[in-house]
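Take the sequences, apply the hints, and build the full model.
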Amino acid sequence: MFRIETQHRRIPWRWVIIVGLLTVPGVLASFAASNFTFSLRKFLTNPALINGILSLDVAFNILIATTCLYLSDRIWTKRGRRVPFIIAAWLMMAVCYAIIPFANGPWVLVPLVVMALAFMDVGATFQTLTMEIVPPHQRGRMSAMNQIVLQILIIGFIVVVGGRFDESVHTEAGVMRGETFLYWIAVAALLAGAVLVWFFVREREPAQPRPAETFSLRTLFGSILADRRLWPVYLLAMCQLPFTTPLGPIEQLLITEQWGYSKQDIGTNVLVGGLVNMAILPFIGLIADKVSRVKMVGFSLLAVFVFHIGYYVFIQFVLPDRRPELWHIIAFGWLMSMCGLFANTAFLPLLFDYIPRDSMGTAQAGLSVVRSINRLITMNMMGMWVTWYSALVMPPGRFDYFSAFLLLVILDVVTIALFGWFAWQARRGRFPAYGRMMDEPAKGAEGAA
Amino acid sequence: MKDPVKLAIFPLLSAIFLVAAAAWTWEIVANLRRDGHRPAQIVGMLKAGAGRFDVVRDVEREVVIAGAGGVEWRRRANAREAALPDAEFRAEDNVPADVRWALLFDDAGAVERAAQRLARRWRVTEPLRVTVTETARGYFGLAQKPERFALENLAPADLAETARFNEVVTRLTFLCAQDGTVRDREIVREPDGAAIRPERADFIFAGETWQVEYRPIFRFGEGEAARVELSDIGRIFAPSRAYPLGGRARVVLTPQGEAILLPDLGTGEAPQGALAWFSAKSEAIFSRWAYPLVLAAFGCGFGLLGAVLISLRLWPSRRLE
Chain U
1 MFRIETQHRR IPWRWVIIVG LLTVPGVLAS FAASNFTFSL RKFLTNPALI NGILSLDVAF
61 NILIATTCLY LSDRIWTKRG RRVPFIIAAW LMMAVCYAII PFANGPWVLV PLVVMALAFM
121 DVGATFQTLT MEIVPPHQRG RMSAMNQIVL QILIIGFIVV VGGRFDESVH TEAGVMRGET
181 FLYWIAVAAL LAGAVLVWFF VREREPAQPR PAETFSLRTL FGSILADRRL WPVYLLAMCQ
241 LPFTTPLGPI EQLLITEQWG YSKQDIGTNV LVGGLVNMAI LPFIGLIADK VSRVKMVGFS
301 LLAVFVFHIG YYVFIQFVLP DRRPELWHII AFGWLMSMCG LFANTAFLPL LFDYIPRDSM
361 GTAQAGLSVV RSINRLITMN MMGMWVTWYS ALVMPPGRFD YFSAFLLLVI LDVVTIALFG
421 WFAWQARRGR FPAYGRMMDE PAKGAEGAA
Chain Z
1001 MKDPVKLAIF PLLSAIFLVA AAAWTWEIVA NLRRDGHRPA QIVGMLKAGA GRFDVVRDVE
1061 REVVIAGAGG VEWRRRANAR EAALPDAEFR AEDNVPADVR WALLFDDAGA VERAAQRLAR
1121 RWRVTEPLRV TVTETARGYF GLAQKPERFA LENLAPADLA ETARFNEVVT RLTFLCAQDG
1181 TVRDREIVRE PDGAAIRPER ADFIFAGETW QVEYRPIFRF GEGEAARVEL SDIGRIFAPS
1241 RAYPLGGRAR VVLTPQGEAI LLPDLGTGEA PQGALAWFSA KSEAIFSRWA YPLVLAAFGC
1301 GFGLLGAVLI SLRLWPSRRL E
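As you go down the protein sequences, you meet chains U and Z in turn.
Numbering (our numbering) for the first sequence: 1 to 449.
Numbering (our numbering) for the second sequence: 1001 to 1321.
Keep in mind that a hint or two might mislead.
In the SDA-like style, the derived pairs of lysine to any residue whose C-alpha atoms are separated by at most 25 angstroms in a straight line are [what the hints assert, rightly or not]: (1) 1002/Z / 5/U; (2) 42/U / 1209/Z; (3) 42/U / 1233/Z; (4) 1002/Z / 88/U; (5) 1281/Z / 181/U; (6) 42/U / 1109/Z; (7) 42/U / 1202/Z; (8) 1281/Z / 327/U; (9) 1002/Z / 2/U; (10) 1006/Z / 92/U; (11) 1145/Z / 169/U; (12) 1145/Z / 1161/Z; (13) 42/U / 1048/Z; (14) 1002/Z / 91/U; (15) 1002/Z / 198/U; (16) 1006/Z / 14/U; (17) 295/U / 344/U; (18) 290/U / 278/U; (19) 42/U / 398/U; (20) 1002/Z / 191/U; (21) 1281/Z / 155/U.
Listed next, with one range per pair, are the computed distances between beta-carbon atoms [unchecked claim]: (22) 141/U / 1318/Z: 14 to 20 angstroms; (23) 1030/Z / 318/U: 52 to 58 angstroms; (24) 106/U / 1257/Z: 40 to 46 angstroms.
Here are some, though not all, of the chain Z residues that point toward chain U, as calculated from beta-carbon distances under 10 angstroms [unchecked claim]: (25) 1003; (26) 1009; (27) 1109; (28) 1112; (29) 1117; (30) 1118; (31) 1209; (32) 1231; (33) 1235; (34) 1280; (35) 1309; (36) 1319.
The set of hints was computed from the structure by calculation and includes no laboratory data.
Every residue gets a Cβ at the ideal spot worked out from N, C-alpha and C, and that includes glycine.
Here it is in structure tokens:
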């Protein structure tokens, strides 16, 4: 059989290769989407507006992705339940991406970007489809294989294609602009992906489909907030902020516009940082198993706070021209990424320590909503902060994107305070670790046996 | 759709992408192998955008740095010399090489930062006055895109009636105290007496919007065989670092007589670290080769996919449960 199907207990490894290749359109689409900042910057100058538009991605995560995921569990069509969403999303994204480089004003570009972001979330069912194809015992190896291939793919594309954004090639047939090329790569991948899914992926109807239920955001938020045992989990998730949302699109504008580096330099930055990370990653796992999770998170939060202050002071008061060298940017990025890796290694198990077993699904949905709201608010705050601060200290029409670090430092302080309060309450027993409690009797029973 | 037709989709796509990649590079690679490539020089820059075309033939800058004790440092440089080794230019220690480069060849932002670095390095007690005067010479404000250029002076041969040789002078002045703060900034532009557009405030090769593109004009060949051509590669916002005005390059000639510009990877560049060097080389290589490289990568990906799908049809797996 050359069609790959869902709901098998064991699948050929060649199917896993196909599933791996199926993830490429999504990666290239995300890579192209990371250039929306530069496309928007052609027509818009206000960082608050640019950040605001791009943060809609996060709003759509809550509104569209959640809805589509919910519905895809409860419908059945001739083409399955996940595939229709994926096909619609990828085709519409391809249409938007194909037109975006030709937009000649913000009134055309902004709706296209918003549509692309919205359809990206319609395609959120893709992840579920891959998990339905690949059975649990084969997922670990698939994930490891995908991670290596995707890392190489991302680094390769940023170095080779990222720097071409501003370039163009004039041929007898016409002009190929780098921006067009970059988006069309994603278009080609999305269209090929849609063909692959349509002709070669078949969803098998589940034996017991979920009953149809009415869905509303009110019901969703109600069920997420109703369980008070999950409130500490959401509080903890908010403490992930310094590791998940640094500067957003402002970072690209800071490096290119304020510090005068090229988009090719961004590629070099990602390449060197990525290679160093790949080499160091295994050692983080070794350390993570030997240190208390609360201490690891606390230490990482403090380290991020110190690094943010250090970087700000170094650039603003030590460097004479307030412009770091490329290796400064890479070194700082690497330190931050190490803190992020260190903290995130502890964060996930720590979160699950406080989630009751019977509320895993609700907790997952709640975590997704909390993280998205967190990111949405922070990204918009960053944009507004830079606009406001620049209006105070810069000549008209110029922006001090680096001032976003000041806001980051303030957010770090808030996060450390929140985490400190969480740790204190947990120590006093106010936040019972439900996840661990349910493990302990089982271990005891084993011991008794 | 029948199964064989479906199975043929990805091998077919693979073939199309690989052929496109080969077609893109074939002429360059074949001619590189046949008679090699020949040296060329970037002798001009076409600046095109918003219905206006400028042919910049020459850019000259004079930098004057004045402190409390009068003129401290004065240097004049021509863009054509930028890519050539200049012992005297590099020998002066009181102005570091990277600062000199920025002052003489970079955009207003880099000049501003370089002036700040200098004020800090010299520990000035009185504000340092850094004045950079740039004189760009060429043919400005053309209403049509020039296609052919005169060999000696780059005069647009097809627009000879309207093109007049002219100068555009831009002057930037910075006052820098030791704390590095730019206290004052004055920008003057004198293209035939016309005032500078307020939103520009930069030198001739910087500060424009995304609608303005820079395309190198290169000269190659000796004597009667010498030719001047417009490059097929362009860049918005600023000229490509791979092809600076005055820089060296290489050219490959196709049998049809088409001249294809290639970067000279050994060309002189700004004083820089290893990472900046890597970026500059990546830009030089991939500005020409990224397109066929990506097409080839897609071709290989589709080929792999097609092969796996066909293998599943020909040799079904027994692992499936």
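**OP:** Compare the structure with the hints numbered earlier in the document and write down the numbers of the violated ones, lowest to highest.
**Re:** Nothing - there is no hint that the structure violates, so all of them hold.
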